[in-house]
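Here are the chains, one letter per residue:
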Amino acid sequence: MTEIQLDPGIDREIDTSAMKVTDEVAIQITAMNKWYGSFHVLRDINMTVNRGERIVICGPSGSGKSTLIRCINRLEEHQAGQIIVDGTELTGDLKNIDKVRSEVGMVFQHFNLFPHLTILENCTLAPIWVRKVPKREAEETAMHFLEKVKIPEQALKYPGQLSGGQQQRVAIARSLCMKPRIMLFDEPTSALDPEMIKEVLDTMIALAEEGMTMLCVTHEMGFAQAVANRVIFMDQGQIVEQNEPREFFNNPQSDRTKLFLSQILGH
Amino acid sequence: MSDTHAQTVAFVRNEMIAPSDPPLREAGAVKWLRENLFSGALNTFLTVVSLLIVWYALAAIGPWLLNSVWTAGSLAECRAILDGTSGACFSVITDRWHQLLFGFYPPQYYWRPVLALALLFAALAPVLFTALPRKLLLFTAIYPFVGYHLLWGGSVWFPVSVALGFVTGYLVYLVVARVSTLIAIFAAILAPVFWWVFAAGAFDQAMTATLPLGLEFIRSDRFGGFLISLIIGISGISLSLPIGILLALGRQSDMVFLKSVCVIVIEFIRGVPLITLLFTASLLLNYFLPPGSAFDLILRVIIMVTLFASAYMAEVIRGGLAALPKGQYEAADALGLNYWKAQRLIIMPQALKISIPGIVNTFIGLFKDTTLVVFIGLLDPIGLSNAIRADTNWNGIYWELFIFIAALFFIFCFGMSRYSMYLERKLKTDHK
Chain A
0 MTEIQLDPGI
10 DREIDTSAMK
20 VTDEVAIQIT
30 AMNKWYGSFH
40 VLRDINMTVN
50 RGERIVICGP
60 SGSGKSTLIR
70 CINRLEEHQA
80 GQIIVDGTEL
90 TGDLKNIDKV
100 RSEVGMVFQH
110 FNLFPHLTIL
120 ENCTLAPIWV
130 RKVPKREAEE
140 TAMHFLEKVK
150 IPEQALKYPG
160 QLSGGQQQRV
170 AIARSLCMKP
180 RIMLFDEPTS
190 ALDPEMIKEV
200 LDTMIALAEE
210 GMTMLCVTHE
220 MGFAQAVANR
230 VIFMDQGQIV
240 EQNEPREFFN
250 NPQSDRTKLF
260 LSQILGH
Chain B
0 MSDTHAQTVA
10 FVRNEMIAPS
20 DPPLREAGAV
30 KWLRENLFSG
40 ALNTFLTVVS
50 LLIVWYALAA
60 IGPWLLNSVW
70 TAGSLAECRA
80 ILDGTSGACF
90 SVITDRWHQL
100 LFGFYPPQYY
110 WRPVLALALL
120 FAALAPVLFT
130 ALPRKLLLFT
140 AIYPFVGYHL
150 LWGGSVWFPV
160 SVALGFVTGY
170 LVYLVVARVS
180 TLIAIFAAIL
190 APVFWWVFAA
200 GAFDQAMTAT
210 LPLGLEFIRS
220 DRFGGFLISL
230 IIGISGISLS
240 LPIGILLALG
250 RQSDMVFLKS
260 VCVIVIEFIR
270 GVPLITLLFT
280 ASLLLNYFLP
290 PGSAFDLILR
300 VIIMVTLFAS
310 AYMAEVIRGG
320 LAALPKGQYE
330 AADALGLNYW
340 KAQRLIIMPQ
350 ALKISIPGIV
360 NTFIGLFKDT
370 TLVVFIGLLD
380 PIGLSNAIRA
390 DTNWNGIYWE
400 LFIFIAALFF
410 IFCFGMSRYS
420 MYLERKLKTD
430 HK
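Keeping their order, the protein sequence lines are chains A and B. Here numbering that gives the first Met the number 0 is used: position 168 in the first sequence is 167, and no number is missing along the way. Here numbering that gives the first Met the number 0 is used: position 214 in the second sequence is 213, and no number is missing along the way.
Just so you know, the hints here were simulated from the structure itself, not pulled from any lab data. Treat each hint with caution, since some may be false.
Said to hold, decoys possible - Restricting the straight-line Cα-Cα distance to at most 25 Å, the calculated cross-link-like pairs of lysine-lysine (DSS-like) are:
#, chain 1, residue 1, chain 2, residue 2
1, B, Lys325, A, Lys156
2, B, Lys134, B, Lys352
3, B, Lys352, A, Lys156
4, B, Lys325, A, Lys94
5, A, Lys134, B, Lys134
6, A, Lys156, B, Lys258
7, B, Lys340, A, Lys156
8, A, Lys131, B, Lys340
9, A, Lys19, A, Lys156
10, B, Lys325, B, Lys352
11, A, Lys98, B, Lys352
12, B, Lys134, A, Lys131
Unchecked claim - To list a few chain B residues with every Cβ distance to chain A over 10 Å, as calculated:
#, residue
13, Pro132
14, Leu336
15, Asn385
No experiment lies behind these values; they were computed from the predicted model shown. Each residue gets a CB set at the ideal place from its N, CA and C atoms; glycine is no exception.
Whenever a hint applies, use it, and build me the whole structure from the sequences.
As structure tokens, this is what we get:
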């Protein structure tokens, strides 16, 4: 049997030297359930994420994958079970929620940059108002991360003047400015043209190379194979299968996974 | 050359075409005229008819305006000077302009409302133009007290003691906020109330006794004319925006009690004509107040006008809030901003920007609605025009007075409208 080789989406070798999974638990989800009204959207989710893991979550639309990662920073509320992020349990307690949110970065499908602020202001706003970092220091940090995502020259423009790919890279830089220990990506490339997908994936891979703990909801299977240490497949609000990417793509176990992969890989 | 490919089906351009100027017919005034005024038979016809209407209107009003009399002492004198020809009698304005502007405010103190107006512009400047130094906002903060003292006069210690209430609230907030923000907010509301109820009066009396500073006190019934329109209009405008924002946020809130209170307030006030609120202010409110408490009529009217405008404002701002994508709230949440910070830094700047036309619309409406106070006996410009006509000298004069009043209102309303357009241009960051 020939091994499936997917295009990682970038033209360079990936440096895996700093991608290390440690024993330290970053996120612990136990018996978590969520309903939208009477619709049972997440069913008995159990999941442990260790620090340094790069997890890709995939599945058909409506499978609850976005809802799952949105529960991790409480953009969605879960009704049963337990979510512990960096030792802080997510409950109705606003203090805990704010604490988790300031430690967990999130990148959205539609970027959600603040259109009335410049790129630089987008990046410095949360550090200044949440972390109480002095303005100059926040600006230095912001420029550092904007250089990292390769758009320092756009710092004084407004989001409306940037292309989709550039906006998404700003959104990543904005999250990084809060120095998060965990990054969540909710379909970060789904709203982008193919040319722009590449530049965003490049940024995400660079982040993985630095050892960031990442959870990505994405359909970029090339990215999953190249970067992830674990792929989770969800359907109907439950985790159907999870495995390391090589096994996941070459030797899927459940029929549902096989069907999904055959559709998405276009064979 | 591109024609070398003419006979082949496959095509490769090897020379790009440089841009050139459009033909003369497609540029400049000729194009504009043709497209906008004479683009077809119907439009040409409409253009000609419009020009004729404008011409007839000017021909009718022009001589009347140009042939106006400015120096007569009464309408009869005007008519004698005009001697049967058509002409406006603006003498009524030169004779009575001070009444139209100030009402029965004592003439020797006209400098006080004039100074108050000049200082008002100084206080507004840093709010309207963000390029000015932010320190100037300090003057904006104390202006209401300065303005009150200039207009009404009396002991200087009265506005000072009221202002000290706000200072107390702020200081209490600063101290208690170290413990808990929520408690600090309550304390910051309660502390000034305690100060005003129990200490402010004594402070005022004691200070007035030891250091009697102040201006001559002018009773509210001496106020009138455009002065009263401006006092009510500007107080209403500056108070209704913050109250409207709070009502809009309350209506969006998850807290059921708060939400219902806001909905009831908004719907009740919007459902009632302003004139009934004004009659309530002038007639009914006194029945509910303890006997002997003199509650200034202008103040009562300001409260009612403010409430009325706030309800409209709340709905205008709710429209702006509804237009914001959910992603903006989520991005603010995901970055760890709390509710008030998210509102102040992310949501409100955008929602207010979207609502600018509606907000200014409400402002202009409120400002013109101030003329309704004539029905509860306040002498605004309309009320004074009636009073002026009651004088035998000017009995029967309408147009000239109303033109003057309309011009005054137009200047302010047009100014607001222009400013809002400037603001929209300045805040435009979407580059569409």
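Evaluation of the provided hints:
1. B:Lys325 x A:Lys156: holds (23 Å)
2. B:Lys134 x B:Lys352: holds (24 Å)
3. B:Lys352 x A:Lys156: Roughly 19 Å between the alpha carbons, so the hint for Lys352 of chain B and Lys156 of chain A holds.
4. B:Lys325 x A:Lys94: holds (23 Å)
5. A:Lys134 x B:Lys134: The hint holds at about 19 Å.
6. A:Lys156 x B:Lys258: Distance of about 39 Å is beyond 25 Å: violated.
7. B:Lys340 x A:Lys156: holds (23 Å)
8. A:Lys131 x B:Lys340: Holds: Lys131 of chain A and Lys340 of chain B sit about 13 Å apart, inside 25 Å.
9. A:Lys19 x A:Lys156: violated (37 Å)
10. B:Lys325 x B:Lys352: Between Lys325 of chain B and Lys352 of chain B the Cα gap is close to 17 Å, so the pair holds against 25 Å.
11. A:Lys98 x B:Lys352: violated (31 Å)
12. B:Lys134 x A:Lys131: Given that 25 Å is the threshold and the Cα spacing comes to 22 Å, the pair holds.
13. Pro132: At about 17 Å from chain A, Pro132 of chain B clears the 10 Å cut-off, so the statement holds.
14. Leu336: violated (6 Å)
15. Asn385: Given that every Cβ of chain A is farther than 10 Å from that of Asn385 of chain B, nearest at about 48 Å, it holds.
Consistency with the previously given hints fails for numbers 6, 9, 11 and 14, ordered from lowest to highest.
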